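Colleague: Sequence:
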Amino acid sequence: MEEELIRMSGGEPKMDPIRSHIAGNKAFNSSNGELAVWWDFLFRELADPRTSEWALMDNPLPTITILSLYLYFVISLGPKFMKNRKPFDLKNVLIVYNVVQVLVSTWIVWEAVDGLWINKYSMFRCESVDWKVTPENLRICRGFYVYYIAKISELLDTIFFVLRKKDNQITFLHLYHHTGMPMMAWATTKYYPGGHAAFIGTINSFVHMVMYSYYLLAAMGPAIQKYLWWKKWLTSLQLGQFCLAFLHYSLVLFNDCNYPKWTIIIVLPNAIFFYYLFWEFYQKAYNGHGKVNGALKNGAMTNGARANGAHSEVHALSNGHRHKDE
Numbered sequence: 001m002e003e004e005l006i007r008m009s010g011g012e013p014k015m016d017p018i019r020s021h022i023a024g025n026k027a028f029n030s031s032n033g034e035l036a037v038w039w040d041f042l043f044r045e046l047a048d049p050r051t052s053e054w055a056l057m058d059n060p061l062p063t064i065t066i067l068s069l070y071l072y073f074v075i076s077l078g079p080k081f082m083k084n085r086k087p088f089d090l091k092n093v094l095i096v097y098n099v100v101q102v103l104v105s106t107w108i109v110w111e112a113v114d115g116l117w118i119n120k121y122s123m124f125r126c127e128s129v130d131w132k133v134t135p136e137n138l139r140i141c142r143g144f145y146v147y148y149i150a151k152i153s154e155l156l157d158t159i160f161f162v163l164r165k166k167d168n169q170i171t172f173l174h175l176y177h178h179t180g181m182p183m184m185a186w187a188t189t190k191y192y193p194g195g196h197a198a199f200i201g202t203i204n205s206f207v208h209m210v211m212y213s214y215y216l217l218a219a220m221g222p223a224i225q226k227y228l229w230w231k232k233w234l235t236s237l238q239l240g241q242f243c244l245a246f247l248h249y250s251l252v253l254f255n256d257c258n259y260p261k262w263t264i265i266i267v268l269p270n271a272i273f274f275y276y277l278f279w280e281f282y283q284k285a286y287n288g289h290g291k292v293n294g295a296l297k298n299g300a301m302t303n304g305a306r307a308n309g310a311h312s313e314v315h316a317l318s319n320g321h322r323h324k325d326e
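Residue numbers for the sequence shown follow my numbering, beginning at 1 and rising by one.
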């Protein structure tokens, strides 16, 4: 596929099934014909052809469908299914899951550092997308795509909540984070796979590499949990991530590098929002304000298990919400 793209930078793309249906249905009037034009404009002409043919990337409907089914399961179907059932023991499943997440995040970080930050990008300037079809640029596109797939895979976090009957941990903020990140990752991969957004994907993947390593160790039981003294620094790492993301993305405002400035209205408010959320948690957890402090002292923070199988505050917050461990 990559070799074909390099050989053929042009060519008429194949018409997707939805576009074909709209164009071929004689029942559609002229106004609906405009819909076909807009469909092509939004998802073909504006899109980066280097990623548009990859699985789930042609248009947003597959991702929207996945997220809709996810929300239906974790809000309605899943809790009903588990109502009269005992919680599933998912310790071994969670260990495997955490290992996979660590490996994927590590791979993304390596690809970003080796392919971008050593010789190509600078953290101190605005970076535009290089649209040329080259092996180096296709490597960048592939990294963005794997990051998007990783965000889809993290929907399992909430599904594990449901299967373990931890429904109290499924808050609005958690769902907002888990549905918003895949859509933003899809849009970035579809339209701007490279450029300034690469920094956020890099630092976020680094944080997830450390975070899921922590959960993996904590899931292995009390013998390992006593060595996890660095849980406080995991929250500090999260706070640092949001500060760096805000500062770095602000460069788009002051440098004309041909990266879309409108993306600022999505990225910067989210960075502020999540920083506030984590800072509030940090104060309660480590400065003695509120009940969260006691909960943290009573057990390890993990998405896998404590001795009693409870989920952690830090995992909860890392995925967009705060709660007391119960």
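Since the hints were made in silico from the structure, they are not lab data. In this text, all values refer to a predicted model and were calculated from it rather than measured experimentally. Among the clues, some could well be false.
Said to hold, decoys possible - Listed next, with one range per pair, are the computed distances between beta-carbon atoms: (1) Ile265 x Ile75: 23 to 31 angstroms; (2) Asp130 x Trp110: 13 to 21 angstroms; (3) Ile272 x Ala55: 19 to 27 angstroms; (4) Tyr227 x Val113: 39 to 47 angstroms; (5) Asn92 x Leu244: 33 to 41 angstroms; (6) Thr106 x Trp233: 13 to 21 angstroms; (7) Ser68 x Leu46: 37 to 45 angstroms.
Said to hold, decoys possible - In the DSS-like style, the derived pairs of lysine-lysine whose C-alpha atoms are separated by at most 30 angstroms in a straight line are: (8) Lys120 x Lys232; (9) Lys231 x Lys284; (10) Lys86 x Lys226; (11) Lys226 x Lys166; (12) Lys83 x Lys165; (13) Lys231 x Lys120; (14) Lys284 x Lys232; (15) Lys91 x Lys165; (16) Lys232 x Lys166; (17) Lys261 x Lys91; (18) Lys120 x Lys261; (19) Lys261 x Lys165; (20) Lys80 x Lys166; (21) Lys261 x Lys166; (22) Lys231 x Lys91; (23) Lys91 x Lys80; (24) Lys91 x Lys166; (25) Lys120 x Lys166; (26) Lys165 x Lys120; (27) Lys284 x Lys226; (28) Lys166 x Lys86; (29) Lys132 x Lys120; (30) Lys91 x Lys232; (31) Lys284 x Lys91; (32) Lys165 x Lys226; (33) Lys80 x Lys132; (34) Lys261 x Lys132; (35) Lys132 x Lys232.
We treat Cβ as the ideally placed atom computed from N, Cα and C, and that holds for glycine.
Colleague: Within 30 angstroms, alpha carbon to alpha carbon, are lysine 284 and lysine 91?
Modeller: holds, 28 angstroms
Colleague: Straight-line Cα separation of lysine 120 and lysine 166 no greater than 30 angstroms?
Modeller: violated, 45 angstroms
Colleague: Given the proposed pairing of lysine 284 with lysine 226, does the C-alpha separation stay at or below 30 angstroms?
Modeller: This hinted pair holds, its Cα atoms lying about 22 angstroms apart.
Colleague: For the pair supplied as a hint, lysine 91 and lysine 232, confirm whether the alpha-carbon distance does not exceed 30 angstroms.
Modeller: holds, 24 angstroms
Colleague: Taking 30 angstroms as the top limit, are the C-alpha atoms of lysine 232 and lysine 166 close enough?
Modeller: holds, 23 angstroms
Colleague: Measure nothing beyond the straight line between the CA atoms of lysine 226 and lysine 166; if it is 30 angstroms or shorter, mark the hint as holding.
Modeller: Holds, at roughly 24 angstroms.
Colleague: Are asparagine 92 and leucine 244 spaced within 33 to 41 angstroms by their CB atoms?
Modeller: holds, 35 angstroms
Colleague: Hint check: lysine 261 vs lysine 91, CA-CA at most 30 angstroms. Holds or violated?
Modeller: violated, 44 angstroms
Colleague: Holds or violated: lysine 165 with lysine 226, Cα cutoff 30 angstroms?
Modeller: holds, 26 angstroms
Colleague: For lysine 91 and lysine 80, compute the direct alpha-carbon distance and say whether it is at most 30 angstroms.
Modeller: holds, 22 angstroms
Colleague: Can you confirm whether the C-alpha distance between lysine 165 and lysine 120 stays at or below 30 angstroms?
Modeller: Between lysine 165 and lysine 120 the Cα gap is close to 47 angstroms, so the pair fails against 30 angstroms, i.e. violated.
Colleague: Taking the CB of aspartate 130 and the CB of tryptophan 110, does the distance hold inside 13 to 21 angstroms?
Modeller: Holds: the Cβ-Cβ distance is about 20 angstroms, inside 13 to 21 angstroms.
When the structure is compared with the earlier hints, violations turn up for hints 3, 4, 7, 8, 13, 17, 19, 21, 25, 26, 33, 35 and for no others.
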